[in-house]
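J.: Just so you know, the protein sequences line up as chains A and B, in that order. Under full-length UniProt numbering, the first residue of the first sequence carries the number 1, and numbering increases by one thereafter. Under full-length UniProt numbering, the first residue of the second sequence carries the number 1, and numbering increases by one thereafter.
Mixed in with the good hints, there may be bad ones.
[What the hints assert, rightly or not] Derived pair list, reagent style BS3-like, types lysine-lysine, alpha-carbon separation capped at 30 Å:
1. B/K281 with A/K191
2. A/K77 with B/K260
3. B/K281 with B/K268
What the hints contain is simulated information worked out from the structure, not anything from laboratory work.
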Amino acid sequence: MVKPSKTAGKAKGGKNVKKQLKVKGGIASRYTTRNQALNRLQLKLADFRRLCILKGIHPREPKKKFKGQHKTYYHVKDINFLAHEPLLEKFRDLRSYERKIKRARAKKAYHAVDRLEEKKPKYGLDHLVKERYPTFLDALRDLDDPLTLAHLFAVLPADKRHGIPAEVLLESRKLSLEFQSYVTKVHALRKVFISVKGIYYQAVIHGQEITWLTPHALAQTLPEDVDYRVMLTFLDFYTSMLGFVNYKLYFDQGLRYPPVLDTRLEDAAGGIVAVIHDLADRMETDKEQGYAGGAKKKSAQAKLTESRLATLGDKLAQIGDGEVDEEAEAEAALRAERSDGEDDEEVEEEDELERAISLSAGGDPTAREDAKLCATLFKGMVFFIQRECPRDMMVFIIRSFGGEVCWEGEGSPYDESDGGVTHHVCDRPMEGKMLAQREYVVPQWVCDCANWRILIPCADYKPGIVPPPHLSPFVSKDDEGYTPDYQATLEKLQMQAKAAREGRSLADVSGDAGARMLTAEEEAEEEEREYARDLQREAKGIPYSRALQEGRDHTADSEEEEDDDEEEGSEE
Amino acid sequence: AHGNGSAFARARTRRPAERRRSVAMENTIGDVPIQWFRDEEHIGYDADGRKILKRARVDHLDHLLQMVDDPTYWRKVFDEREDKEISISREQLELIRKLRGGILPNNFFGDEYQTNLAEPNLVLPQAREPKRRFVPSKWEAKAVLRIIRSLRKNPDARVKKTQNEFDGPKLLWEGDEDPATKHNGLAYLPAPRAKLPTHGDSYNPPFEYRADTQVDENGDEIKTPRRFYDALRRVPSYAPFVLERFQRCLDLYLCPRVSKARLNINPKDMLPPLPSPKELKPYPNTRCLRYLGHEDKVVSVAVDATGKWLLSGSTDKTMRMWEVSSARCVRKWSFQDPVLNVAWCPGNGGSRLASACVGAAVVLLDPHAQPSADLSRHANAAVAEGVAENDAPPPWDERAGLVFVKHAGVVSKINWHHKGDYFVSLVKGGSNVMIHRVSKRSSQRIFRQQKTPIRAATFHPNRPVMFICTAAYVYLYDLQRQCLVKKLVAGGNSVTCLAAHAGGDNVIVGGSDGKLQWFDMDLSNMPYKVMASHANGVRAVAFHKKYPLFATASDDATVHVLHGAVSADLNQNALIVPLKILRAHTARDVEGVIDCVFHPTQPWLFSAGADKTIALFCDDN
Numbered sequence: 001m002v003k004p005s006k007t008a009g010k011a012k013g014g015k016n017v018k019k020q021l022k023v024k025g026g027i028a029s030r031y032t033t034r035n036q037a038l039n040r041l042q043l044k045l046a047d048f049r050r051l052c053i054l055k056g057i058h059p060r061e062p063k064k065k066f067k068g069q070h071k072t073y074y075h076v077k078d079i080n081f082l083a084h085e086p087l088l089e090k091f092r093d094l095r096s097y098e099r100k101i102k103r104a105r106a107k108k109a110y111h112a113v114d115r116l117e118e119k120k121p122k123y124g125l126d127h128l129v130k131e132r133y134p135t136f137l138d139a140l141r142d143l144d145d146p147l148t149l150a151h152l153f154a155v156l157p158a159d160k161r162h163g164i165p166a167e168v169l170l171e172s173r174k175l176s177l178e179f180q181s182y183v184t185k186v187h188a189l190r191k192v193f194i195s196v197k198g199i200y201y202q203a204v205i206h207g208q209e210i211t212w213l214t215p216h217a218l219a220q221t222l223p224e225d226v227d228y229r230v231m232l233t234f235l236d237f238y239t240s241m242l243g244f245v246n247y248k249l250y251f252d253q254g255l256r257y258p259p260v261l262d263t264r265l266e267d268a269a270g271g272i273v274a275v276i277h278d279l280a281d282r283m284e285t286d287k288e289q290g291y292a293g294g295a296k297k298k299s300a301q302a303k304l305t306e307s308r309l310a311t312l313g314d315k316l317a318q319i320g321d322g323e324v325d326e327e328a329e330a331e332a333a334l335r336a337e338r339s340d341g342e343d344d345e346e347v348e349e350e351d352e353l354e355r356a357i358s359l360s361a362g363g364d365p366t367a368r369e370d371a372k373l374c375a376t377l378f379k380g381m382v383f384f385i386q387r388e389c390p391r392d393m394m395v396f397i398i399r400s401f402g403g404e405v406c407w408e409g410e411g412s413p414y415d416e417s418d419g420g421v422t423h424h425v426c427d428r429p430m431e432g433k434m435l436a437q438r439e440y441v442v443p444q445w446v447c448d449c450a451n452w453r454i455l456i457p458c459a460d461y462k463p464g465i466v467p468p469p470h471l472s473p474f475v476s477k478d479d480e481g482y483t484p485d486y487q488a489t490l491e492k493l494q495m496q497a498k499a500a501r502e503g504r505s506l507a508d509v510s511g512d513a514g515a516r517m518l519t520a521e522e523e524a525e526e527e528e529r530e531y532a533r534d535l536q537r538e539a540k541g542i543p544y545s546r547a548l549q550e551g552r553d554h555t556a557d558s559e560e561e562e563d564d565d566e567e568e569g570s571e572e
Numbered sequence: 001a002h003g004n005g006s007a008f009a010r011a012r013t014r015r016p017a018e019r020r021r022s023v024a025m026e027n028t029i030g031d032v033p034i035q036w037f038r039d040e041e042h043i044g045y046d047a048d049g050r051k052i053l054k055r056a057r058v059d060h061l062d063h064l065l066q067m068v069d070d071p072t073y074w075r076k077v078f079d080e081r082e083d084k085e086i087s088i089s090r091e092q093l094e095l096i097r098k099l100r101g102g103i104l105p106n107n108f109f110g111d112e113y114q115t116n117l118a119e120p121n122l123v124l125p126q127a128r129e130p131k132r133r134f135v136p137s138k139w140e141a142k143a144v145l146r147i148i149r150s151l152r153k154n155p156d157a158r159v160k161k162t163q164n165e166f167d168g169p170k171l172l173w174e175g176d177e178d179p180a181t182k183h184n185g186l187a188y189l190p191a192p193r194a195k196l197p198t199h200g201d202s203y204n205p206p207f208e209y210r211a212d213t214q215v216d217e218n219g220d221e222i223k224t225p226r227r228f229y230d231a232l233r234r235v236p237s238y239a240p241f242v243l244e245r246f247q248r249c250l251d252l253y254l255c256p257r258v259s260k261a262r263l264n265i266n267p268k269d270m271l272p273p274l275p276s277p278k279e280l281k282p283y284p285n286t287r288c289l290r291y292l293g294h295e296d297k298v299v300s301v302a303v304d305a306t307g308k309w310l311l312s313g314s315t316d317k318t319m320r321m322w323e324v325s326s327a328r329c330v331r332k333w334s335f336q337d338p339v340l341n342v343a344w345c346p347g348n349g350g351s352r353l354a355s356a357c358v359g360a361a362v363v364l365l366d367p368h369a370q371p372s373a374d375l376s377r378h379a380n381a382a383v384a385e386g387v388a389e390n391d392a393p394p395p396w397d398e399r400a401g402l403v404f405v406k407h408a409g410v411v412s413k414i415n416w417h418h419k420g421d422y423f424v425s426l427v428k429g430g431s432n433v434m435i436h437r438v439s440k441r442s443s444q445r446i447f448r449q450q451k452t453p454i455r456a457a458t459f460h461p462n463r464p465v466m467f468i469c470t471a472a473y474v475y476l477y478d479l480q481r482q483c484l485v486k487k488l489v490a491g492g493n494s495v496t497c498l499a500a501h502a503g504g505d506n507v508i509v510g511g512s513d514g515k516l517q518w519f520d521m522d523l524s525n526m527p528y529k530v531m532a533s534h535a536n537g538v539r540a541v542a543f544h545k546k547y548p549l550f551a552t553a554s555d556d557a558t559v560h561v562l563h564g565a566v567s568a569d570l571n572q573n574a575l576i577v578p579l580k581i582l583r584a585h586t587a588r589d590v591e592g593v594i595d596c597v598f599h600p601t602q603p604w605l606f607s608a609g610a611d612k613t614i615a616l617f618c619d620d621n
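Just chain A, same shape as in the assembly (with noise of 0.2 Å):
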């Protein structure tokens, strides 16, 4: 907003004076103070502040705060940077468009407001998200906040009052859904801790470590002295971050984006399980005219009513049939499903598993090992996942991690009592009510295994006892200088658990550990072994000191002199 005629009269002025003014090179001219900046860009607090979450400008420290310590100070680039988005021009446009639905509003005129509203224009973000993040592995880098606020928002009541609407949730849900269904289809997760505060997950895609928290699944209170607004601005731009984030994901993998829920499943509460029955079948056709812009819609839309005109004949016939042909109808499936072309399914699997290792893990061969051991790690298992239990979390660790869930309820594919269920997850104790031939577990041991890479065994893990205590995955051995007692023995575990995939006898791995494995009845063994002999010899009539003499040539070959002691004996 420069007036023209004060300029041409600074102009005529004098250009010295203009010149002297002009500050060289000093701090002053970098930085800015916040007013100033709001000045400048002829901004309100809140616009200015919703354009500097969005853009990724935060304030900086200048050497010298020329202006005050208690003042916030921008740099003169950040700004002049503010000044040149396109989003700036929106937002003014949006402003006077609110204008316009408020003075018809005003005049009572709903048509018109309605029109209005219709015809709302939106903005998108997608500029600013390459903006900010160049790179794939940029925005890769920067996902830990994204996930947590996805994840949190995902669980938050719709509330009218902090003005949160449940659009912005459920898109939030199906945002998290999905990339958490993409971690269980590459077997890209790799640490999950369950702490006081939520739990945490870390995963490695293309060898970038991703952390995230997230709530219990319980029910969350939205505090009082919380600004929302600033909230939903973040979220906003991370909705949108992780949406392309996902579909570069998806479409790395040759899989459909977005992923269609199954309605069924998704009524069941079915939460992952859901978008993950859609990732099972991957879209033969090419890539390319696959996603070309609107077919690609079509395709999708078409796929969507298919889908759910499916379920809906499923559930016609669920009505119909009654509850026995249904379950016949399963284990045909399953049958179908184990006997046909089991060779082809291996292989592809194999495959499919090689591309997931070399996704996370790139060429690195410890990391890929690590790789096919996450993947592998309950494999062949099927673990029923009572309902005390989080389910959402336990199916996203245990696919993740190779192995089988069912549960109870709808869209389970095993039934609670199926003969193939290895492991039973329950929280309860469960006196009494215990099969014979599967493990009983608490869901801990399932994030255990998962931390160490190994079946840590079950007996400590019985519903009804308090379990070992859960260590966190994220602490290393050098920063934290002290090592709890139930670390060192995981890691003896983990030290078996790798000589046994190796095929070396544990001797090998460490002579100590070796030693220190004979248990106490192998010792009671050895000791009779010896008393035996001591007997043989006095039988024999050979003093007591001789034998001793004798004993500690004996240990150099002991199996060789014992065999020649017998020989003497049944020569005698």
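Since the structure of chain A is provided, determine the placement of chain B on it from the hints.
T.: Positioned in the frame of chain A, the structure of chain B alone reads:
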């Protein structure tokens, strides 16, 4: 329940008939007092206007008889208005009971409601249709007109949907971006990542993590118990979750970000590369000989310039001379007082004259001279006459080949000048320092008044300068010009001993706090290096005359041997490398090793211990 149901059913079926009858008999007099008809023959009129006649009244006697005979009498009520007796049914009784009890008589209402539905008796209002229903709407016409106008103005206004530039996610990163693609703005500073959880944040932490330890501003540790649960199902919702996410959001857009280049240096890499002790051989590292014979702690040892003879003084009041190579005690002098210090005079080949501090006298003697028969008598006499006046110079006295230099107090230490003519003596307690000249047999006090006690005094190895050492400072006095040259500041206020390097520019002092300080006078008057390696106080320090070695003897019964190379190049600082800790003595009464001295030509070290022994350490190849 069944009986009730049947009764209810009966009531439902019977009620319409009763109603019809009662309607036919109904008295229509309305709400007027019944007394008005008391004297009439009728009690009112029916719906058609006919009189309803009264029945014959029953007299009181009949009434009484009825009361007695009829068992259902109590249920009967006379209705004056209808002029008849009504028998109350069981259902009605039940109803009355309920009403009186304040209970909802639901059967009753249910029936009434249903009967009402069964007989709809509604009449619709007969209003006429208004005119406006048939006339075209003026407002609709206006709206249509408005739409027509707007369409004329902007023909595709209705056709065009929302100007929605955002239509779903798309492929934003093609995968072939240049990784060096730059941001448009300033360099991107990524926000610091949130702290990852530790064992203590677990819902079921290890026992030792069940208290949160935080350090407050005073440096005290505050322990607060953490929440923990024995099962996942008991973990409640984390109430401040939303608040914490909000605070994270605030941090992301409100906190100034500064990129700090953090140096990631291993502290061990910052240590200078020291040569390994093996490269610095020879140095004394093993004990070769022990000189046994003293009956109390040995407080002083001295080797002559040839390196063959060793003198030792002890608190058992003897001075002994040993042959170094064989550890044989060659001679022994007995005195009446402890021998606190022994020294060889460096002049005349360095083995002709020796000195010993016995009580309040310094005894000068030739150790190789034939022993005199009355030595002990002379010695005793020397000590007996030892006390002289305070200010008078100490008298020199010669008897039986021994020279006695008497002092005002017990002499604790003497140091010889390198030429062998002068020596400096220190009276115990540090109250006075005297310089003596042997050739002229004269003595002189250095300070007229000395307040702070002097701990050590020695001559500069090649200049006419004297080191005087108090607990906190080392003073350098120029003896020719008689002025203070330099003052070295030793920290700790606990200096006990001092030794000067042969070059004269480096001094080491040991303190009772176990610290050794190396002063390089070319550098500063502050210590160049301070080493706190001894557990107890340092009793003696010594430089080797030829090898770059020095040693410290301490009350912790160890002798530390260090390499101390002084370079002629002024740009290079002295190189100090710890070499060896020698342990050959045992501590007694808080005293360990009391004195140590290097062999003049070999890299050997003699140490005198409180355990009555002298040890010789040699280099072991």
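J.: Now tell me if each hint is right for this structure.
T.: Taking the hints in turn, this is what the structure says about them:
1. B/K281 with A/K191: Violated: B/K281 and A/K191 sit about 56 Å apart, past 30 Å.
2. A/K77 with B/K260: holds, 20 Å
3. B/K281 with B/K268: holds, 25 Å
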